[in-house]
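Could you build the full structure based on these sequences and the hints that come with them?
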Amino acid sequence: MLIMLLKLQENRREDTGKLDQRVAIITGGGTGIGRSIALEFAKEGADVVISSRNMANLKKVVEEIKSLGGHSLAIAADVSVAQQVCNMVKQTVDKFGRIDILVNNAGIARSAMLLEMTEQDWDDVLDINLKGVFLCTQAAAKYMIEQRYGKIINISSIAGRGWNRPGRANYCVSKAGVIQLTKSAALELGPCGINVNAIAPGAILTPMIPPEQAKQFVEDRKKVAVLGRIGTTQEVANLALFLASDDSSFICGETIAIDGGRTDLM
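Under the working numbering, the sequence shown has 156 at position 151, and the numbering climbs by one with no breaks.
A hint or two may mislead.
[Said to hold, decoys possible] Simulated pairs of lysine to any residue, SDA-like, Cα-Cα distance not exceeding 20 angstroms:
hint, residue 1, residue 2
1, Lys228, Ile263
2, Lys227, Asn169
3, Lys65, Gln239
4, Lys64, Leu78
5, Lys48, His76
6, Lys23, Lys48
7, Lys136, Asp83
8, Lys188, Ile261
9, Lys228, Arg267
10, Lys228, Thr268
11, Lys23, Ser250
12, Lys71, Gln96
13, Lys23, Arg153
14, Lys227, Thr268
15, Lys147, Gln89
16, Lys23, His76
17, Lys227, Gly258
18, Lys147, Ala61
19, Lys71, Ala61
20, Lys147, Lys227
21, Lys48, Ser250
22, Lys95, Lys23
23, Lys228, Ile214
24, Lys100, Tyr148
25, Lys23, Lys71
26, Lys188, Arg166
27, Lys71, Leu120
28, Lys95, Ala81
29, Lys136, Gly258
30, Lys48, Phe101
31, Lys220, Arg234
32, Lys228, Lys188
33, Lys71, Gln239
34, Lys136, Ala87
35, Lys95, Gln26
[To be verified] Label-pair ranges, simulated between beta-carbon atoms:
hint, residue 1, residue 2, range
36, Gln152, Glu217, 44 to 52 angstroms
37, Met118, Phe255, 40 to 48 angstroms
38, Gly167, Gln26, 16 to 24 angstroms
If you are wondering where the hints come from, they were derived from the structure by calculation, not from laboratory data.
We treat Cβ as the ideally placed atom computed from N, Cα and C, and that holds for glycine.
Shown next, in the form of structure tokens:
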């Protein structure tokens, strides 16, 4: 009997984290910023659902979360397809019974000069980066409204506030749209007890940066940040944790930059 009790104590996760008893969905959760947010939320007690179009990456993160003693679910989904988003949300509710936190992190880039950018380049980026935020917010908010509680965190970019590098028109427009969608969603969902905010990262080294460009990327971005360096995915995750927790209970409709103090935005 004593051995059984000891095993039960070992397997029981103590409620000491900022997100205990919360259920979070993180899109684009297999790599980069999404992965760091998923791990940070799991450390703080949340049950974490991660999605992306790459199941292999998701499975790796699920194993990492399990090693922390957390509970996780991986769902392959394209956030630009309404039916797949609805299925992701339904699977989450079926598994964990609720949705408390949504992090709209899935994003892509297709760089090209404006006169050379194809219609497909434009559509692909807007579909994932902006339409995906709309679809996921719409699907998850229906459950949050019933609970009278929810935290929605949209990952935008400082590119949505200003940019001085050519070839990113589609990306900049998509991220600016996320900022405005955040404000609109906050206006409509705030009275229902749902905090909607956005994070606008500056230079963060993620798998979105091709390896052959990484060194130059770091050197260029260091020069235009007051802090003289680029940021880490963990630093973005720390901010996401703040917005997902009740520490940020009176913040709504805001976009918070995390960029080291950029001096080059137009």
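Hints versus structure:
1. A C-alpha spacing of about 16 angstroms is found between Lys228 and Ile263, which places the hinted pair at or below 20 angstroms, so the restraint holds.
2. The suggested pairing of Lys227 with Asn169 holds, with an alpha-carbon distance near 15 angstroms, which does not exceed 20 angstroms.
3. Between Lys65 and Gln239 the CA atoms are separated by roughly 18 angstroms; this keeps the pair inside 20 angstroms, and the hint holds.
4. For the hint pairing Lys64 with Leu78, the CA-to-CA distance comes to about 9 angstroms; that is within 20 angstroms, so the pair holds.
5. Among the hinted pairs, Lys48 with His76 is consistent with the structure: their alpha-carbon atoms are about 10 angstroms apart, no more than 20 angstroms.
6. Our distance criterion of 20 angstroms between C-alpha atoms is met by Lys23 and Lys48, whose separation comes to about 9 angstroms.
7. Taking the CA atoms of Lys136 and Asp83, the gap is about 11 angstroms. The hint holds against a cut of 20 angstroms.
8. A C-alpha spacing of about 12 angstroms is found between Lys188 and Ile261, which places the hinted pair at or below 20 angstroms, so the restraint holds.
9. For the hint linking Lys228 to Arg267, the alpha-carbon distance of about 9 angstroms falls within 20 angstroms, and the restraint holds.
10. A distance of roughly 9 angstroms separates the Cα atoms of Lys228 and Thr268; the hinted pair therefore holds under the 20 angstroms criterion.
11. For the proposed pair Lys23 and Ser250, the alpha carbon gap of about 6 angstroms is at most 20 angstroms, so the pair holds.
12. In summary, the hint linking Lys71 to Gln96 is supported, as the alpha carbons are separated by about 19 angstroms, within the 20 angstroms threshold.
13. A C-alpha spacing of about 19 angstroms is found between Lys23 and Arg153, which places the hinted pair at or below 20 angstroms, so the restraint holds.
14. For the proposed pair Lys227 and Thr268, the alpha carbon gap of about 11 angstroms is at most 20 angstroms, so the pair holds.
15. In summary, the hint linking Lys147 to Gln89 is supported, as the alpha carbons are separated by about 16 angstroms, within the 20 angstroms threshold.
16. A distance of roughly 16 angstroms separates the Cα atoms of Lys23 and His76; the hinted pair therefore holds under the 20 angstroms criterion.
17. Between Lys227 and Gly258, the direct Cα distance comes to roughly 29 angstroms. Violation of the 20 angstroms bound is thereby established for this hinted pair.
18. Between Lys147 and Ala61 the alpha-carbon distance is near 30 angstroms, which puts this suggested pair outside the 20 angstroms criterion.
19. Distance restraint check for Lys71 and Ala61: the Cα-Cα separation of roughly 16 angstroms lies within the 20 angstroms cut-off, and the hinted pair is therefore satisfied.
20. Between Lys147 and Lys227 the CA atoms are separated by roughly 42 angstroms; this puts the pair beyond 20 angstroms, and the hint is violated.
21. Simply put, Lys48 and Ser250 have alpha-carbon atoms about 13 angstroms apart, close enough for the 20 angstroms limit, and the pair holds.
22. Between Lys95 and Lys23 the CA atoms are separated by roughly 25 angstroms; this puts the pair beyond 20 angstroms, and the hint is violated.
23. A threshold of 20 angstroms between alpha carbons decides the hint, and for Lys228 with Ile214 the separation of about 18 angstroms falls inside it, so the pair holds.
24. With a C-alpha separation of about 14 angstroms, the suggested pairing of Lys100 with Tyr148 holds against the 20 angstroms cut-off.
25. A distance of roughly 18 angstroms separates the Cα atoms of Lys23 and Lys71; the hinted pair therefore holds under the 20 angstroms criterion.
26. For the given pair, Lys188 sits about 14 angstroms from Arg166 by alpha-carbon distance, which is consistent with the 20 angstroms threshold.
27. With a C-alpha separation of about 48 angstroms, the suggested pairing of Lys71 with Leu120 is violated against the 20 angstroms cut-off.
28. Distance restraint check for Lys95 and Ala81: the Cα-Cα separation of roughly 13 angstroms lies within the 20 angstroms cut-off, and the hinted pair is therefore satisfied.
29. Only pairs whose Cα atoms come within 20 angstroms are accepted, and Lys136 paired with Gly258 is accepted, the gap being roughly 18 angstroms.
30. Simply put, Lys48 and Phe101 have alpha-carbon atoms about 17 angstroms apart, close enough for the 20 angstroms limit, and the pair holds.
31. As the CA atoms of Lys220 and Arg234 are separated by approximately 12 angstroms, the hinted pair is consistent with the 20 angstroms bound.
32. Annotation: proposed proximity of Lys228 to Lys188 is violated, straight-line Cα distance about 32 angstroms (limit 20 angstroms).
33. For the hint linking Lys71 to Gln239, the alpha-carbon distance of about 19 angstroms falls within 20 angstroms, and the restraint holds.
34. With a CA separation close to 9 angstroms, the supplied pair Lys136 and Ala87 stays within the 20 angstroms bound.
35. For the proposed pair Lys95 and Gln26, the alpha carbon gap of about 18 angstroms is at most 20 angstroms, so the pair holds.
36. Checking the proposed 44 to 52 angstroms range against Gln152 and Glu217 shows it holds: the Cβ atoms sit about 46 angstroms from each other.
37. The hinted range of 40 to 48 angstroms is satisfied by Met118 and Phe255, whose Cβ atoms lie roughly 43 angstroms apart.
38. A C-beta distance of roughly 40 angstroms is found between Gly167 and Gln26, which places it outside the suggested range of 16 to 24 angstroms.
Going through the hint list in order, the structure does not satisfy hints 17, 18, 20, 22, 27, 32 and 38.
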